[in-house]
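Just so we're aligned, residue 1 is where the sequence shown starts under this note's numbering, counting upward by one.
Check each hint, because a few of them may be wrong.
Stated by the list, open to error - Lysine to aspartate or glutamate pairs mimicking DMTMM-like chemistry, simulated, CA-CA at most 25 angstroms apart:
| # | residue 1 | residue 2 |
| --- | --- | --- |
| 1 | Lys226 | Asp102 |
| 2 | Lys35 | Asp102 |
| 3 | Lys226 | Glu38 |
What the hints assert, rightly or not - Distance windows between CB atoms, simulated:
| # | residue 1 | residue 2 | range |
| --- | --- | --- | --- |
| 4 | Leu115 | Gly44 | 21 to 31 angstroms |
| 5 | Ser188 | Trp234 | 29 to 39 angstroms |
| 6 | Trp194 | Trp70 | 30 to 40 angstroms |
| 7 | Trp103 | Ile68 | 45 to 55 angstroms |
| 8 | Trp107 | Arg64 | 37 to 47 angstroms |
| 9 | Val218 | Val119 | 19 to 29 angstroms |
| 10 | His66 | Leu30 | 19 to 29 angstroms |
| 11 | Pro231 | Gly191 | 37 to 47 angstroms |
| 12 | Trp70 | Ile104 | 47 to 57 angstroms |
| 13 | Pro231 | Gly126 | 15 to 25 angstroms |
| 14 | Trp58 | Leu36 | 29 to 39 angstroms |
| 15 | Trp194 | Thr233 | 25 to 35 angstroms |
Simulated from the structure, these hints should not be mistaken for lab results. All residues carry an ideal CB built from backbone N, CA and C; glycine is no exception.
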Amino acid sequence: MLSAVVAAAVSVGGHALIVKHLGGRPGTGLAGPGKLREFGAGLGMGFALMTFMFAVLWILGVYRVHDIGWNPGIVSGLAIGIAAGFNEEVFFRGNLLRILDDWIGSWGALAVTALFFGVAHIFNPGASLFTSLALVLEAGILLGATYLLTRRLWLVIGLHIAWNTTMASLFGGVVSGATNEGGLLTSSLEGPQWLTGGAMGVEGSVVAIAVAGLLGLVILVLAVRKGRMLPPTWYHGAARE
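With the hints as extra help, turn the sequences into a complete structure.
Okay, structure coming up:
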């Protein structure tokens, strides 16, 4: 748990330095009012999304619960899920997307960071070209669009943390191929790999692609309607908020 706190502190410090020296939009995306409200909304979104995803898999007969009770994986799933969710969002959306948004515009930044997010998981246990593409289409677009909707980090951090922790600590699922000691529900995924996600876990399933991908498109439409998708700053002197 201490290592997770240290990693988060280093992540925020590095983020502040990048913001200072590489420019981009003003602010870090972490300051300002409404942090707890946005973070809580993100947690709710992530929990609801993951619960719906596992419910679909249960209805299809793929997700099976064998027992309910305490497992060591609950604590480790929370610690790793929180640290990974926070640090990955600070890097991918707070740093990379934010700076690319300024340089090549919101659409280009979303595409590049979604692709990079998928590629970054290619070396995870059980990963393949298909699972990396799945992460591009589901998590890469969803998380990027969520950041662009508010242009702050707290909503997307909450979403990502709940995605990880609900999957691992509640439903006992494998997160991005990582070993899981079990969640509150001792469970298994049984069926064809295109439904179960194989060794990569639910994130490699077509169910995840469909459900998370659809939510990502909905949030992206909201971002467009709110005028959050901006051109690069050099384009005809485009004004930025």
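Evaluation of the provided hints:
At roughly 18 angstroms between alpha-carbon atoms, lysine 226 and aspartate 102 fall within 25 angstroms of each other, so this suggested pair holds. Taken as a hint, the lysine 35 and aspartate 102 pair is honoured in the structure, with Cα atoms around 23 angstroms apart against an allowance of 25 angstroms. Restraint check for lysine 226 and glutamate 38: satisfied, since their Cα atoms lie roughly 17 angstroms apart, inside the 25 angstroms limit. Our hint of 21 to 31 angstroms for leucine 115 and glycine 44 holds, since their Cβ atoms are close to 28 angstroms apart.
Separated by about 52 angstroms at the C-beta atoms, serine 188 and tryptophan 234 break the suggested range of 29 to 39 angstroms. Range check, tryptophan 194 to tryptophan 70: Cβ separation about 33 angstroms, and the 30 to 40 angstroms hint holds. Range check, tryptophan 103 to isoleucine 68: Cβ separation about 49 angstroms, and the 45 to 55 angstroms hint holds. Tryptophan 107 and arginine 64 have their C-beta atoms about 41 angstroms apart, which keeps the hinted 37 to 47 angstroms range intact.
For the hinted restraint 19 to 29 angstroms between valine 218 and valine 119, the CB-CB distance of approximately 25 angstroms keeps it satisfied. Taking 19 to 29 angstroms as the suggested C-beta distance range, the pair histidine 66 and leucine 30 does not conform, at roughly 41 angstroms. For the hinted restraint 37 to 47 angstroms between proline 231 and glycine 191, the CB-CB distance of approximately 45 angstroms keeps it satisfied. Distance hint for tryptophan 70 and isoleucine 104: a CB-CB separation of about 48 angstroms, consistent with the stated range 47 to 57 angstroms.
Separated by about 39 angstroms at the C-beta atoms, proline 231 and glycine 126 break the suggested range of 15 to 25 angstroms. Under the hint 29 to 39 angstroms, the C-beta atoms of tryptophan 58 and leucine 36, about 32 angstroms apart, fit the expected range. A hinted range of 25 to 35 angstroms is violated for the C-beta pair tryptophan 194 and threonine 233, which are about 42 angstroms apart.
Taken one by one, the earlier hints fail for this structure at numbers 5, 10, 13 and 15, listed in ascending order.
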